[in-house]
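Chemist: As a plain string of letters, each chain reads:
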Amino acid sequence: MLSTSVIIMLREVLEAVFLVSLFLSVSRTHGISNRWLVIAVPLGSMAAIAYAASLPLIAGLFDGVGQEISNALSQFTIAILLPLCLLGHIRALNQTSDNNTLLKLGMTTVTALALMREGGEIYLYLSAFLGVPEWRSSLYAGSSIGIGLGLSIGALFYFWLCSFSARRTLLISSILASMIAAGMSLQGCKMLIQADWMNDGQLWDSSGLLSEDSATGQLFYALFGYEASPSANQVACYFTVLLLSLAVLLSTMFKTSNAIKTRATQPTP
Amino acid sequence: MTVSRLVPRVLFLFLAGLANAGKPVFELEIRGHLFEPSSLHIPANTKIKLLVHNRDKTPEEFESYELNREKVILGGQKAVIFIGPLKPGSYPFFGEFNPKTAQGEIIAE
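Quick note, the sequences are listed as chains A and B, same order.
So in numbering that gives the first Met the number 0, spot 56 of the first sequence is number 55, and the numbers just go up one at a time.
So in numbering that gives the first Met the number 0, spot 107 of the second sequence is number 106, and the numbers just go up one at a time.
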């Protein structure tokens with residue numbers, strides 16, 4: 000029970016924590032305040048409890064695949080909003096405007112959605128097994144260790160991202176955000192396949208190279224949605240989202256850096 | 000509603016109905032944090048509908064890396080999971096909330 004709790008908590012916490020660390024480090028590059036987090040975390044937590052409580056109702060929708068559809072919906076929403084948030088950050092780096100409301104709204108939504116999904120499962124697991132007296136102490140211990148580990152990894156990730164210059168942090172974050180968004184959409188496709196809304200298949204099997212069961216495999220799953228044996232649909236979706244996001248974000252970075260250079264070379268009036 | 004708009008809708012519903020019809024149904028039970036049967040035989044290269052009945056009071060998460068499936072099943076509830084078409088072989092699955100005991104495999108043959 001203890002080791003199981005550690006692994007479950009770690010897996011769930013990691014996915015949400017990577018997103019928050021990413022947002023905090025890019026916000027730092029142009030001095031945007033982190034007050035949106037004060038709204039996002041309670042909002043996400045409440046949404047998690049509401050989601051867990053209404054799971055019997057949700058699960059019964061769409062002929063018994065309501066869970067898959069609601070998961071896919073939140074994953075695809077994050078996949079779209081995440082690159083858009085990075086776009087907002089890239090633009091904000093070069094503007095003097097203080098109005099970042101839309102950007103903060105985007106980050107709040109992504110964080111709340113991620114917390115809703117991960118927190119929902121944590122809440123379900125804890126509320127169910129806390130009711131079993133002989134497992135309570137190992138449940139508390141395991142969960143604390145797992146959550147603590149997840150938060151520590153997130154903190155390490157944040158400090159690593161902050162160790163670069165503002166522009167380099169934005170560049171690395173843009174690439175990472177594109178990979179996370181692509182991973183999210185791959186997982187969304189997995190949900191649709193499970194619901195029989197999309198066809199299954201197996202394009203390759205890389206479990207010999209990197210098993211999903213290993214620690215690295217789990218880390219890659221949390222960060223990039225790694226799948227050892229993806230279907231053709233999943234792979235197509237992954238690369239479409241990845242390339243689209245990279246194209247938009249990198250071209251915007253390039254355009255704004257040119258704009259800075261042009262402004263710098265113009266004589267001041 | 001004109002005929003030209005009605006026909007595609009009726010056709011879609013008919014095809015959707017056809018698509019759902021004819022999938023073999025298989026059942027699994029979760030009892031005492033164990034999967035019963037622990038070994039499920041299904042036809043290879045066929046999409047099947049798996050019904051998992053959780054007879055325990057606590058939730059379980061049906062998970063399999065090989066099958067690419069994961070679904071939380073609340074206590075006393077049943078879940079629908081579509082699997083396949085699978086090439087012949089053995090595909091292990093487990094219960095994420097009780098991985099040491101809830102283990103099984105799907106054998107496609």
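One should not assume that every hint holds.
The calculated lysine to aspartate or glutamate pairs, modelled on EDC-like cross-linking and capped at a C-alpha distance of 16 Å, are [as the list claims (entries may be wrong)]:
#1 Lys-22/B - Asp-62/A
#2 Lys-86/B - Asp-204/A
#3 Lys-46/B - Asp-195/A
#4 Lys-99/B - Asp-62/A
#5 Lys-22/B - Asp-195/A
#6 Lys-46/B - Glu-28/B
#7 Lys-86/B - Glu-104/B
#8 Lys-48/B - Asp-62/A
#9 Lys-48/B - Glu-26/B
#10 Lys-77/B - Asp-204/A
#11 Lys-77/B - Glu-60/B
#12 Lys-46/B - Glu-108/B
#13 Lys-48/B - Asp-204/A
These are computed hints drawn from the structure, not numbers from a lab.
Note that the structure is a prediction, hence the values are computed from the model and not measured.
Chemist: Provide an ascending list of the numbers of those earlier hints which the structure does not satisfy.
Modeler: 4, 6, 10, 13
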